[in-house]
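Sequences and hints are given; from them, build the entire structure.
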Amino acid sequence: MRPFDRYARRKLLSRIIAVLTGLCVLAVLYPLVSIVYESFVQGGAVLFQAQFLTTVQPLPCSAISCKTVGIGPAVQGTLIVVGLASGISVPVGVLAAIFASEYRARGLGRAISFTADVLTGVPSIIMGAFIYGYFVIYYPQIALSFYTGALALSAIMIPIVVRTTEEALRVVPNSIREAALALGISKWKATLRIVLVASIPGVATGVLLAVMRAAGEAAPLLFTLGYSTLWFQGMNQQGASLPLLIYTFALSEAANQQKVAWGATLFLLILILAVNVVSRLAIHRMRVRMGGV
Amino acid sequence: MNSVKIKVDRLTAYYSEKAAITDISIEFPERAVSAIIGPSGCGKSTLIRCLNRMHETVARTRVEGQVFLDAEDIYELDPVRVRRRIGMVFQKPNPFVTMSIYNNVSAALRFNGRPSREETDRQVVRSLQQAALWEEVKDRIDAPAVSLSGGQQQRLCIARALAVEPEVLLMDEPCSALDPIATAKIEDLIKRLKEEYTLIIVTHNMQQAARVADYTAFMYLGKLIEFGPTEELFERPKDSLTEAYITGRFG
Amino acid sequence: MNADPLADTGRPRGYDLEVRQLKARAVAMGEWALGMVHDGWRAFNAGDFTAAQAVLDRGDELDRLDEDIEHAAIAFLVLRQPTAVDLRTATGLLKITTHLDRIGRLGFDMARITTAGPSKGPADLRAVLERMDTAVELMVRQCLEALGHDRSDLARELFHKDDEVDQLHREANRIVLRELSAKTNNTPRIADSLLVARHFERIADNACKVGEKTVYALTGQRRSEYLPRHRYQPYALETPAPMSKTADNQPPS
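In order, the protein sequence lines correspond to chains A, B and C. The numbering of the first sequence is the working numbering, which starts it at 714 and goes up by one. The numbering of the second sequence is the working numbering, which starts it at 386 and goes up by one. The numbering of the third sequence is the working numbering, which starts it at 5 and goes up by one.
Calculated directly from the structure, the hints in this document are not laboratory data. Glycine residues also receive a C-beta, built at the ideal position from the N, C-alpha and C atoms. There's no promise every hint is true.
Computed from the model, here is a short list of chain B residues facing chain A with C-beta under 7 Å [stated by the list, open to error]: (1) THR442; (2) ARG468; (3) MET473; (4) ASN479; (5) PHE481; (6) VAL482; (7) THR483; (8) PHE496; (9) GLY535.
This is the structure in structure tokens:
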């Protein structure tokens, strides 16, 4: 009978660890998989109806066979508010990050970095409450509107954009900056037209992250964009949004509204997944064409 | 004996409060190759980075003394303009990775004014020819710069620097990242470039200094020990420290 | 790491060992050549064929030593690519071995022209030649000492000793002319003695050249930088310098 030597013991230990880590992976994957699965099961029937995206939300109705129509205004509202928020946060965030990264010697640069870091940890509902509180005091007539909604989302997006852009800029090797300066190109031109261009894949990834985060936030929109079941009424009016629709309908007692909530959930999931995949492909191709910065 | 192109007068350069080079005075002749040799940390890179005002792009640096380009003190001129007259090629080839070969060479031209397409084309071809790269890339001038080999990339960087039509070209160990064949090509290039430009080269390779340089400077611990015609410095150095270094008896 | 790089650490540095070996070989060759001179003169002076033959047999070894040093110096140059003092030493040694070879060859030739029986020529000529031998051997020893022990001062002194040998050579010439015009029976022997005197003068000259190259190797200085410029004239126009007394106390005639 062969003795139980060191080698066999080591192999056994390796296998045990491998199994344990595999189990941990499953534990992590389970919630994600079950959410997706559940969404498909519950919302699939609703989502794949015709006109789901183009009609208005249904009124509550108790019987299961009540009409379960669309989420059109919510989709429209989300697109508008996230679009506006991006329009604000991308330029502001990118420029702030450039200042923080390229002009780091000045103390302000480090302050920006630090601030962005802290802000990413602030709960998003506080952002919303802050914006609401400020506008309620100074501009109450638009305290609940697309404007404030976009601002609240920007407050969440900007720190993300700043941090990821800063990282992307840092990854650009210093030799590129030196090469540009040594050619007699002024610093700001070198930064914008060479360094920033070289870091676009990283910046794009950061913007993507920020957009997806904003598209899914419900809490900040609670006090700013407000709630509506109507199509777009005006920038200074409240509006509909997907996260809040899901929130409201999921808590409703009407079965048809609950179904719509599941449909909207599935839609949001698929949307985010699709945007993710398409963007990452595009970014990857950008990286390949650039030769791997 | 050529006239003086760059005159360094009692130059001291600091990183934070530490002096990397101290009280350097030297006159680099025009249309000649001057090499700077010395052990690691002797300040050779710091010295040439002061010559095109790249030293000050690092935080917390300071410079004392003067550097004259044809009798103008470069520290009283606009640094961006100085760097167009004094170009630099770095140790590791650093082409702009997001750009094609053409765009790399024309980068400085495009960013600093708007010459016409024909004018830019002409400059690009001329610079690539001067850098002995034209024949190898003329069929793929829009290919990404990173598709070139290391030696070709370095010649691309030289072409890019020459496109600005500088008067002086500084080279910081231009061949240390390259294989012997690529090195030989660049050394040939250097010998040809000196007909039009003044070149100052930092090298840790003494044989290279002996091969290409008309004048050689030896630096140690931030000071200039000796400067003279290469042949004299290598056959009969005036300073015993120089002799100890070049005969490998250091330390 | 900031210790004085010139400080003597007691360990050999750079190409110290290889250069010392090259020099040691050259000194060994020089001593071989010196032996040939010494024994060649003795053989000629005593008219001893056996002794002369012994000297002639040493010629091949002289050649071999010369070639070996040449190969070693060239290998050193190509493999080490030396600079400054190492370069000057290697190239200097290539020339030094040529001069050492000539010194040996001159001794060889003295043995070659040996004729039977001790010389019966004039005593003063023999005395002059003896003095030349002493002076010349001293010079060769000194140049080898300078080479082997890095003594550029000794090398520089050789030029002064050379003057002395020149004087003796002129003296030997005068005696020979005197003897020839006196038409004695000793003509062949006199002719050979003239040749031997000439050989001694050449040996001294070569020893000086070795010294010159040694100074160059050690300091990089060329002859013109440390010797005053000497204006040469044909012998006939020179006034003869007063000679010191000869060994048997006869004043020169």
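Hint numbers not upheld by this structure, sorted from lowest to highest:
9
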